[in-house]
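Using the sequences provided together with the hints, build the complete structure.
2 protein chains.
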Amino acid sequence: MNSAEKLNDTLERHHPAAHACLSQRGRRLFFPMGIPAQAGQAKEASINATIGQLTDGAGHAMAPAAICQHLEGITPEEATLYAPQGGNKALRAAWKERIQQSEAAPTSSPFCTVGLTHGLKLVADLFVDEDTEVLLPEPGWGNYDLIFGTSCGGNIIRYPVFDGHHFRQDAMRLALSKIKTKGVLVLNFPGNPTGYTPSADELRPWLEAIRESPKPIVVVCDDAYTGFVYEEDRITQSPFHDLAGCNPEKILPVKIDGATKELVFFGARVGFVTFGATGPAADALELKMKGAARASVSSAPAISQSIVLSALQNPALDAQIDKIRNVILHRYEALKTALDTANIAYFPFNSGFFTLIPVQCDPEELRLKLLKDGIGVVSFARFNAIRIAYSSARAEDLPLLVETLSKHISVDKDPALH
Amino acid sequence: MNSAEKLNDTLERHHPAAHACLSQRGRRLFFPMGIPAQAGQAKEASINATIGQLTDGAGHAMAPAAICQHLEGITPEEATLYAPQGGNKALRAAWKERIQQSEAAPTSSPFCTVGLTHGLKLVADLFVDEDTEVLLPEPGWGNYDLIFGTSCGGNIIRYPVFDGHHFRQDAMRLALSKIKTKGVLVLNFPGNPTGYTPSADELRPWLEAIRESPKPIVVVCDDAYTGFVYEEDRITQSPFHDLAGCNPEKILPVKIDGATKELVFFGARVGFVTFGATGPAADALELKMKGAARASVSSAPAISQSIVLSALQNPALDAQIDKIRNVILHRYEALKTALDTANIAYFPFNSGFFTLIPVQCDPEELRLKLLKDGIGVVSFARFNAIRIAYSSARAEDLPLLVETLSKHISVDKDPALH
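Residue numbers (my numbering), protein chains in the order written: chain A, 640 to 1057; chain B, 640 to 1057.
Keep in mind that the hints were calculated from the coordinates and are not lab data. Just so it is clear, CB atoms sit at the ideal spot from N, CA and C, and this is done for glycine as well. Honestly, I wouldn't trust all of these hints.
To be verified - Now the stretches of chain B that chain A is said to cover, found in silico as 3 or more residues with beta-carbon under 8 Å:
#	region
1	669–678
2	703–710
3	773–785
4	894–903
Structural data, given as structure tokens:
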């Protein structure tokens, strides 16, 4: 049986926090015994007339040559037929192995999504409504507001990541105390737009506060920038691994990651949602996710999944990624040096793709001035800052960028911010 | 300006029906001047440090060889970098040209989605909530219920496509009269699971009723199976083209289609949403769609879009698709002959991928019996029928399928149903 009521009952028994945090939509969601489910059962049939895709009747694709001619080393079946709901099984297994490489926290099977945004949205579908406090990092990614607030109607509460130039260790306990009945907490390290990753010591009070949360919460670890950490003393594992064994009466940890940044494959749209849950609770969450995904995109792109799977199986991949990461590390160092030389204040950064520069002037005006000088940056009105994405600029261009910037801004001479 | 209020005001002035039909979420949606918008403005900058993707600083991709080695005839930039929000511009233009080939109804620019389901979901996000009647065909695709009902909370009303063995010409007027304040109507020809397309004469009373709808409605034409029509006297154009010039006080027509079935590229997840609207109304709808898409998947897969664009530009494509269509036509004829020979009653079918067989027994039991005999079909409890997808079975296997079926069912001898 797979009605919404059954799934809700299973969660209530096996994961009270997940059950308490369900949104109205989340309570309704289930995965109907519809066409994908029935087609799944008919895979071994000698005549399989279940699914509305064109095959030759023996499981082979019929895609036109105008499409297949672009494939190299993956078959038309792998690229042009539907992927299963929830994702290619071998890919899901390979990703699970990857995220458990160094620490084997108990988790569900990673659920394949259309990029990380889709993972955030499916989790929001399950857990965010008008009765949900959503705790977002400030500074934080603007799209969180659109997903959790505008689209899903949650009550946004911002918690500060920094206290001036320091990581704000007491921020989490205060933020969690503001939840009225149930909450969703987003953690994002390395952060966008901050480029910040805390040390284990800095993070510890946050983890303690989370474990002692007075209300049930879903903790979403947005691990988009996994692996891009440039300083020795920073955490290299997602907080998800610390939380995955948490009390299911209180906390449901969720890991959201994917190939977008981690494998440098932005155009694929391959993301994953993994729950810190196992057994019947994980099975029930999987079916609710399948329902939410079926109602939003149906299956995720097969071609992207097949290429990502092949890359994960390729023994050369890690060295290739390391080489790319070293290029970015070099840019990181060049930018830091240029900012220090120009005596420009910045929020602390040590990882990811960005640095965030607080400005005294109107950041949008500054952005437009820089644009006239041929330099593109992103402005954030809410936290009076501009963001430099050194992920998309050459190391040798960064001194000119900083020099131009320093001409336009009121230089903040406060050395404490460095 | 691009606040939700501005967009709502624009729609109220330029497309009152679209404005009247907005859901609560649809009213809130807008496309923030966030990172994608600011990055769009910085495209010509000599140093573009706006966007969080890895490039060499001159716009070139940095994806690892383990990924790029699978590409043939498309560049790493086309496949591995982000596609723009709303889709690749050249692809959107090429698709617009394609859908306007035979009839140039005034439309918006096709908005690229992650397959057709995503198009349906974005439209549901804009227009469906608890105060919306959603009129769905019966028999109809089960996923409509999940999208419009379970996920978006609309009030589902089913309208009958058939009256016994005939297309039900008076169904539409009756269905439209049930809308309380605003509605979404889904039309689906060729139909899933019916495999039915009406003649122009059959459809006329439906179009008349729609034009005279007592309440404002969004008419969603789900044109997934465009082109797969096997009988001469059937409509070959979507009803969208008849409705695109409709009174904007009353009706917003929407066309949903894509490469999935039409170009036989199921694994791509490339769909399109096109509105029967132009000018400021189309612009406002585009921005609301961009907001909804940004909050659900952000950009759609670039690799799929680039391959679909290349295929559309390939002069060999049409002949390749024709050849595939002829294989399916042959299966269609073989199935019809086998059913007639076995004297098995079926709902009328003439197009698409399916036929629907009404049964006297429990269709789920029948499905499981057939599965034991090595034959996979889909059962529909609600309309007591099984669906045969001849899209995925060989013509030479269909007689055995029908023979096995006829052993299991109580053969309905009513010749009127043939």
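Checklist entry - Out of the numbered hints, which ones does the structure contradict? => result none
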